[in-house]
Every structure is written in C-alpha cells, then in structure tokens.
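**Q** Single-letter residue listing:
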Amino acid sequence: MSSTTSAAPRTFFGKDAIAFIVLAALILVVFPVALDIFRLNLVGKYLTYAFVAVGLVLCWGFGGILSLGQGIFFGLGGYCMAMFLKLEASSPENTAIQSTPGIPDFMDWNQVTELPWWWVPFNSFPLALIAILLVPTAFAYVIGAAMFKRRVGGVYFAIITQAVAAILTILIVGQQGYTGGINGMTDLRTLLGWDIRTDSAKLILYFVNAVLLLGVILIALFVKSSKFGRLLIAMRDKEDRVRFSGYDVANFKIFVFCLAAAFSAIGGAMFALQVGFMSPSFVGIVPSIEMVIFCAVGGRLSIFGAVYGALLVNYAKTTFSESFPELWLFAMGGLFIAVVMAFPNGLAGIWKSHVEPLLPRLMKRLRPPAIVSAPTKAPAE
Amino acid sequence: MTDAPANGPYTLNRRKLLAAMATIPALGMLGGSRAFAQDTSTAAVNTTGLAVTDTDVTVGILHSVTGTMAISETGSVQAEILAIEQINAAGGVLGRQIKYIQEDGASDWPTFAEKAKKLLVQDKVASVMGCWTSASRKAVLPVFEQYNGMLYYPTFYEGLEESPNVIYTGQEATQQILAGIDWVVDTKGAKSFYLLGSDYIWPRTSNKIARKHIEMKGLKVVGEEYYPLEHTQFNSVINKIKLTKPDVIYAIVVGGSNVAFYKQLKAAGIDLTKEAPLLLTISVTEDEILGIGGENMVGAYAAMKYFQSIENDNNKAFVDAFKARWGDGIVIGDVTQAAYLGPWLWKAAVEKAGSFDVDKVREASPGIELATAPEGYVKVHDNHHLWSKLRIGHARLDGQYDVVYETADLMEPDPFPEGYQ
Amino acid sequence: MTFDTETAPKDFLLAVEGLTVSFDGFKAVNDLSFYVDENEIRVIIGPNGAGKTTVLDLICGRTRATSGSIRFRGKELTTMKEHQIVHAGVGRKFQNPSIYEDLTVFENLELSFPRGKTVWGSLAFRRDREVIDRVEEIAEMIFLKDHLDTEAAILSHGQKQWLEIGMLLIQKPDLLMLDEPVAGMSVAERVKTAELLNTIIKQHSVIVIEHDMKFVEDIAHRVTVLHQGKVLSEGSMDHVQHDPKVVEVYLGH
Amino acid sequence: MIGDYTYDQFFSILAMQGFAGLVLFSVFVLMALGLAIIFGQMGVINMAHGEFMILGAYVTWGTGLFVTNFAPALFPIYFFVAMALAFCASFTLGVFVEWAMIRHLYKRPLDTLLATWGLSLILQQTYRSVFGAREVGVTLPDWMMGSLPLTDIIEVPINGLFVMALTTLIAIAVALLMYKSRWGKQVRAVTQNRIMAGAVGINTKMVDRMTFGLGCGIAGVAGSAFTMIGSTGPTAGQLYIVDTFLVVVFGGAGSLIGTIASAFAISQAQSTMEFFLSGSMAKVLTLLTVVGILMLRPQGLFTLKIRR
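Protein chains in written order, with my numbering: chain C, 1 to 381; chain Z, 382 to 802; chain G, 803 to 1055; chain F, 1056 to 1363.
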C-alpha cells in the first residue's frame, strides 16, 4: 500500500492514474497496432480473464476472501450471453432439419420439444444483458449471505465455493437437454443480426471488451480508494476490530464478493461473444483455481498487476503449449509454487520492491541536477 | 511417456522410422504418386494460399497431449504420425512431403477451438487430423466452417452432424449399434437390455437409438442409467442390474469410469464369461482394456469396426508397422485405426482432385475408396462418413478381442437416422 | 450481593443480571450480576481464569450468553449483533492491541469515525474537514499527532495500545471497556497512559480490567472482584482489599 | 409390493444398498483420514492429497509388475507388501514436501492451499511423463476379486470387505496413535499451543513433519486400496478432491469422530439416492445437502465449543 498524507485522501489520481493510462494505451493502441487479428482475438480472450482477476484482487487481495469458485460467475455470465446468442442462432430457418425447429440443436437431440420457461427471457437482448449481471450477482449474494452471516471464512469458504463449482458443473453436464451438457453451447453466430465471427466484428468486440475492462478497473480503483477499500484491508487483518468499530462485517464481505462476481460475469459474457461458445469447462474447479493463479502472479494487492498477470500467464500458456505441451503443467505448477512461496505479492510486488526504487534515480539522471529536490524520496546511496 | 509423440515437424526416430518403412511394400501403397509430382506446379495445386511449397505440404495434428483426454488421444496421434511418415516414405502427396504441426488441445474445448484457428489462420495447414471427444469437435466445427478447413475426425460418435468441412473416419451411432443389437438378439437370444452410460451426448444418443431399435423388435429395456463422467462408484447400478436380471448389459461408459465399472462388476460376482447377463459395449477398445485389466474384461463383447486381432494382410502390415514405430507393448484400438485412415483418405482425395484446395478436396472426397485400410475396404459416403463393416469382438484374458462376427456387407452411414430420433 | 438491593430502583447505565455462559459444561461465568452507574469508573479484578475477559466479551457480543440479561440504558444487548452494540454506545478495547497494521494511524482512526458505517456509506464517505479535525484532535490526545502517516505496524507496543484507545474515543461511546490497558508498557508509557485514562474517565463511563493495583487504586470508583465466574466481592477499593474472601483467594490458604 | 419391487426384492435392495453404502463409507473414510489429520492437526489444506493417493496406486502397480516378473509365487500376497511400500513412498514424499514447502507457509493457510495445488499439477505431469498418459491396469490376486454369495440376489464383494477391514484397521491405528501414544500427545500438544509445546521440549518441527508425512502415507495406502475399485492414471487423483474435502469439512476439523460420522452420512445419502435417482442428480443432491448443512452449521458436525 502506498502511503498518503492525512490531508489529501487516497484517490485514483497520481500513481494509479499513470498506471491506468499506460494500461489503456497498451490495450487500446499498442496491441491493436502490433498484433494481427488472430492474436488480438486471443489477447481479447485473455483480457476476459482479467475481469475475474480484478474482482479477485478486491475480494481476495484486499478482503482476504479466497474464492475458489469464480468460475461459477464467469460461467453463469457466459452462459447467459450464450443462451441469448444460441436462441438467435436457432431461428426456425436455421434449424429446419430438426424434429422441432426453432429450439437450440442440443435440445432437439435430447427430445426436448419446447423451449423451457427459463429460456424464454433470453429471447430479448435487454433482458439477457440484465440477466448477465443479475443472475451471477444474485447467486453470489445467496452464497455470500449464507456464509458470511454465519462467519464462515478462510479455508472453509474456499472449500465450499469449490464444492459449489463442482455441483454446478455436474448439474450443467447432467442437464444436457437444457444446457448443452459437456459440449456446452457452440456455434454462436450473430448478435442482433451482426455476424460476430468476422474479423471486423472481432476487432470491434475486442475494443468493447477493452473499454469494459477499463471501466471495471475504474470501479475497482474507486472502491479501493474509498473508505470501503481501507475497510477491506482492515477486515482482512483484524476482522473483530472492524466489527467492534461498529461495522456489520458480513455486509461488506457480501458486497465485495458480489462485486467480484459481477466483474467475472461481464468477463464471461465477453468471452462467449469473442470466442463464440461457452462450455462447462469454465465453471469447474480447475479454471476457478487457474483464475486465482492469474491474480496471484500479477499480484494479489494490485489491480493492474492482476490484469498483467492474466495476460502473461495466458500468453505463456499459449506459447508454452505450442512449443512444449508436456512441460506446460510443470511450468504452471512451478510458477504457482514460486509465486506463493517467494513472491506473495506477485509481479506487482517485484515491481514495487525492485523497479520503483530505481525510478527516482533514473529521473534524477534525466533532469539537470539543479532542479533535483526531495532527496528523501531517493533510496540511500 | 516413453514414446512421446513428436512435438514439431520432423523429429523422427530414424531407426524406428526405417523399421516402419520396411513393412510398406507389403501394403502395396506405392502408387503412381511420384510420377504425378513433376506435372504439378505449386501455383496450380494450391490456389488458396495454403502452406504448400514445391517440396512439401503442411497439415495439422490437433489432439490432447495433456489433461484427462491424453489417455485416449495418444493412440490417435501415434497413428496419424505413422500414416504421415509412411505416405512420405512412399513419395508424399502430389510429390510433396507432408510436414505436420502438432498442437495440444489440453483436454479443454476452448483450447481446441483456439488451436484449430491457429492452425487454419496462422499456419494455413492444408488439413487437420484431430479431435477425439464430441465436445472438442463441436468446439472446433464453427472454426473449420468459417475458415474453410478440412478436419479428419477419428472417433465413433453420436451422429446428428454432417459438416462439409469434416470427414468422419469413425462410425456414427447407427453403424455401431444396430447390427450389434441384431447380432446379440439373433445369436444369443437376448430379450431384455439394461442400458448404461456416462452422462453426455454420445452415450445418451446411442442409447436412444439402441432403445428404439430394441423396442421396434418387440423386446424390453429394463433400465437406463447415466453416471457423471469420471464417476467411480457403480455399486448401486450393479445392484439394480442384479435385481432386474437383464439378458444384456449395454454399456457405454467412458474414460476412468470404465476401470471402476468393470472392476466393481467383477467383484460383485458378475462373471462376464458366463454371459448371464451378457455384456455388450461400444466404448471399450483395446486401449481401455489396458487400464481395466484383461482379467476384469474377459468374456465381454464389443461392437466396433476394428479390432487389433482382425486377420487380413492390411492389418498385419499395419500392426507390425505400428509396433515398429511406437514399441512392442502397444495396443491398437478402433479409434487409433480410424485416425490412421485420416491422412490416407486425405492423400487419396488430394490426388483425385489434383489439388490441395479444400473445396476441391471436399468435392473429390465422396466415393474415395481405400482398399488398403487395416479394417478392410472402406469408402467415403456422400455424407462424409465411411461405409464400414461392424464386427463383434469377444474379450480375451490378454486384453485382445477375438472377432466372432462381422457383417457381410458394409454398413451405410446414416447420421440422421429416420425413425431413431 | 447485598449491594444491588439498595441501588435497584435507579436507572443504571449497564445492568448485568443472572449472566451465565458455559463452554461444554464449564461455566466460565456463572449467574453473575452487577450494575454500572452513569459516569462510573468500574474496575474488575480477579485471578487468572476468573472470567474477566469473558464478561467483556459477553457485554460487547463477542460471546453469546447461555442465559441471563445485559441491559444498556434499558436496551437488551444479549440479542444484538456486535455492530449494533457499538452503535448503542459500547466501545471495547482488546487485551492485545488490535489495530490495522497495514493502514496508517490516520486511516486507523478514520475507520472508527462514526460516519459511513454501512456499505454504501463507506463508498460515499469523504474525508472532509470535520473528519480531519476530529482525527487530529484524538491523535493529539493519544500522543500520536506526529505519527499520523506512519503505518501502524511499525508503532511501539505502547503506541499501539494508545492507538486502539484512540479508535474507541473517536466513536464517542457512552461506555468504554478496556482490557488491561497498561499491560506490556514501559514505565514511561504507563505514566502517560494513566494521564490519558484520567482525561478519558472525565467524560465516559468506563469498565477496566486491570492487575496493576496502584493504577486501580488511582482511578476506581468501585471495584468488582471476580472469582470462578462469580462476584466474590464488590465495593470500594478499601472495602475489597479487606474482604477476607478476597484475601483468601489472592493469598491462598 | 413396494413400487415395482416385491418385498423380497425390496429387502434385498436395502441389504445390498446398505452394503454398497458401507463400502462407499469405508472409501470415504480412507480418503479423508489422511487429509483430516493434516487439516485438523495442522490447519493445512493439502490440495495434492489426490496425487499422494495416486502415488500409492502407482507403487502398487509397480510392485505387482515386479512380483509377476521376478517372484510369481508371491503374487497372491503381494498386495500387502505393495500397501506397505505405498505408505513408505507417500510418507517420504510427504516429509520432503513438508520440509521444502509447507513449513514455510504455516502462517498463511490459504497460501498452502495454492502452493499444494501447484504441487498437484507438477505431480500429475510427472506421473504422465514417467508412467505414460494412459491408465495402468493393476492386476490383483484372484482371491481379492471374488464375491461371497449370500442369497441368489445378494452377493458380498470380497474387495468391499477388504476395504472395510483395512479402513477399520487404519482408523483404529490412527486413533491409538493419536490418543494413546506419546507421539499423539505431542501432536495434540503442538496443535493446542505450539509455543508452550516447544517450551516444554517437544520438537515441534519434527512433530509437524511427521504429522504431514503420516497423513500423506495414509493417502498412499488409500490409493493402493483404490486400485481394487477405481482407475490408476495421472489425473485420477483429482476425482477424489471435492468428496474428500467435503467429508473433512462436514465432519468438523480436528475431529476424527466427526470425519467418520460425516463420511457415514454422505456415503449413505449418496448410495441411497443413487438407487432412486440418476447418478448425476444423486451426486448433485448429496453435495448440495452437504453444502446447505454447512451453511447452517459452518463448524461442521462435531466441533468443541471453545472460548476464542
């Protein structure tokens, strides 16, 4: 945590503003210019995981609530989007060869002859958008309220979220007539008549995704800089003290858990749009834990670190698995252990302890010596 | 893995390759392709910018080398590499050597889609041999259709699909099911069936077809049950089977669940060699028996198009070449053989079309025959599936099957079977 | 226990009656009753394991009573949640300094400022002049005016104790409960703390748990001696010091 | 008639399902015991627990292979040797892991969870590289794969009996070790007050290491026993994670009785429901019930109410 002066409250101006501008420039300008559309689309996919990682920074890094079930919310958000897209792709003309035209193909294969009632709202785009945010958040609220009101925390909470992720996966796979089962929902084609598979659509979706991510980061920065952010840290360190300072701790935990869930859901929805399908393999335990890795590698206390973590780990995964598929798990496992044991604050921690102290010295070299002030800021030489 | 598949183009074990090559003349696969080569300029055979040069052509191999599916897909990778090496040794395709780029789907469907796209968009491969599970195929299908690629898919599967961009070298459900049930009814006098499967689309669709077929014959299905993938406790269903006393257990359990199911079946006192009940499976190949253990499987019947023990010259040469390339201890299952067909069918189609262009290969594909297939003669149907025979294998103690029956004619593939949907 | 009859009709600030809590059969507090007046300084003493800290835990809601009642200004506390008890006007300092080590002194105090205590309130909370003035005022009082921007983790043990007391004061509670406020302090710090407490007790009712008899003598209006979860003796310092039961417990047989 | 079944059949169902439930119960206890010791006594969540089990399974496979090739006469009893070796292998690996990794993380329980997950990835890939991606078939002596017919419907699988006997044995051994031996006293002393235990001369580091090793060793024995009923492959360990954790958490950390009781409750619920519902739904409902109860009673079934 950076220190501030008492008179000037922490805001997201200053260091965070620079970091924000750098990141925005990177994902809005550098990537689109430097990468072809195929790689850019991949980066877009990585960035959808960054939504989850940013949520985890608030929830886990600041709040100390380790959720091993963020895949639940990523998946639910993705499924809500995929349901809308699937219905659009399943127009009676497109599905004329089915026994029941007009319903998604997997329903037809499973002898479902009528659209289930809970699918009906997904015919409407506005309702689907609402569902993307509401369904995962409501689900998070139920889990959060049940657990935090009863002061379940730490390892117990982690295991229970993990169990919920397992349950949801089994449920989705088991109810394939309604969910597409293990295949998931595939072959999503158009959004309100606009073909999302074309290169131009992918480019536009990339920018939509990037802007949404920047928006989410702004929200996260706002939360972090508000008193709420300091309360999260306080709750992580001394939960009882917060309680005896007159706060209903459970409500704060529920809120941050719901917020992280909502972030993840946006990421999931953007994933479904950019990749063109959704499958239960994002809901389960393994992806949920991987998302924690992204956050841990980037730095659990740094919102920007989490974004870079998601980008880096996924980039490494793609390159590693292209050239040395067999080594990938070794690398991933090793990375995990190394980060946890040696660099608990991840890349952001390394940046802060090793790179940042060098900056003032660098600045000093760049400036004429006469103007150098505030020597106290520079490290001892 | 002692015999890890090569990771990049051309990392061959020379000694093994030579050993594998030695068996080729017996296959009679040296066609006139070498003569063909000189008359085909790259500009003429490749009008769509695929990765084809004057000397070589690049294809993709896309299977899971890591994750849970690696267990099943390893054999397919080995078969495809073997086929490519044999084709190269025999002069290649249109005079060009085949290079392959192998990508790992990592048992993760989105990864499959991502890698498929990479192979088509970035590497511009002329065709892809790959996928194993239906889920991975469903994930890559839109990619192949959008970027007009060609996929050779080796696994027996549920049907209900007929993509112009896929050649299905395994059987679709009716090919595997109908004749098998006919056989068990006709020769074993079976009257009642218990249907059991892992909980996903292939077992469910297959059992749906099986149930329709059984009921059309006026026979009875006494139970139908599905368990989550990777479930390991089957005592409850075994108890139900004991209670309902079916003549046939029709089992479509996949993956690690298989091991648990057959071990627990044996431990519960159901001796498959007594055939009371008889067990007929369409999901356990020789590959799976490695994990299950021959002693737990002996006596069961399997309905497939290929068993390693098929007696014909093609198969003998194939098995010898496979063992020479990948080691003596290896077994070859139905899907492995189907995967082996992929490169050969593609080669035949390319040579028929006289071009690597995907559209021309697609046009040329229906009617392609392969007399040298290890399973015997196969032919590509207009619907992109293969005409093939169905065989019934009887599991031996050593993990192999004895072929006890084979259909007289090739079975017509029918991915959208009327009356079974 | 004859004490309560003569004061019963009065309106007490805090009335504890028949309070019992048992942990798996062990009654840490057993049918305990005592009363605290407005602006009274009550010191609770007793040997280790007498149940002193448990009594504070019960009052502030950290531990739930098995039976009995705790009324604060007529409001029943036993059914209220911790934060509601705080809002009712009860502040609690823990035995070991309980502060937020990763935050600065200023932020520690600010979090206890009685505004923006809900989720939305905390999001909308702005650090205005009122907050800054109040924090600085308290910081002055607890001798940490020069350390406002220091991370709490690097304060000395005594400074941490003061900080926690400051966090209570900024809440403006009606009843302050301090669990061994001078434990682990250097002599100099002890003197300063006594001075601090003497200012505090002018404006608040206080319950203090303390071992330091000199300190107790200085501040206590009335002393309650606990032993095995029950009141052994109650009254002025002089009274309890000469109570034979107390002597017996403290000096042994 | 009850539903579609006659009374005779119905009682057979009850008997067989009861037995199936008991076997499942034994399996759960065996899986959870090692984890419960580590979690209960040390507060460490070992996500690589499944991989330690699979290590035991591979050791059993290797021993079987060795005996078949070099000492076929011993084959009928090789399984006992294999279990002992499985214990040693997992124990040794456990001790090493504790030394290299866990001991640095005692103050950060959530981080042990992440670090051991990384370990599990590495172990999985190691198994894949060493033993191949395919499952290996563990050949068992014939006497272990038979069954004892009781009535014409009811048959008792011998491997089920074997697992039950083994579980009972290990549970008793663990209980004796924990509550009767000097070492057990030390373990409990360290759990309750680490500093004090250190002050009275207990080598707390050694106690930690041995506890972790013991938990892993028991996991190895469990994995060895599971070759009788399940598959042995690089990723098979992951199948057990959720069930195992739920059993331990549902039972209440630190309580061996609780672990056993919760294993009993979960296994009976699951095996009963499996008979009447589809396998997937039975699993969903069981897990959901467990999670639901945990939300109502987060401390689990058995926990001492203690002063914080």
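Hints in this document: simulated from the structure, not taken from any laboratory.
Remember, it's a predicted structure, so these values are computed and weren't measured experimentally.
You may find that some hints are simply not true.
[Said to hold, decoys possible] Calculated Cβ distances over 10 Å to all of chain F for the following chain C residues: (1) 24; (2) 120; (3) 133; (4) 154; (5) 162; (6) 173; (7) 187; (8) 203; (9) 350; (10) 361.
[Unchecked claim] Examples of chain F residues toward chain Z, derived with CB under 7 Å: (11) 1214; (12) 1236; (13) 1329; (14) 1334; (15) 1338.
Glycine included, C-beta positions come from ideal geometry on N, C-alpha and C.
**Q** Which numbered hints are broken by the structure, listed smallest first?
**A** 4, 5, 6 and 12
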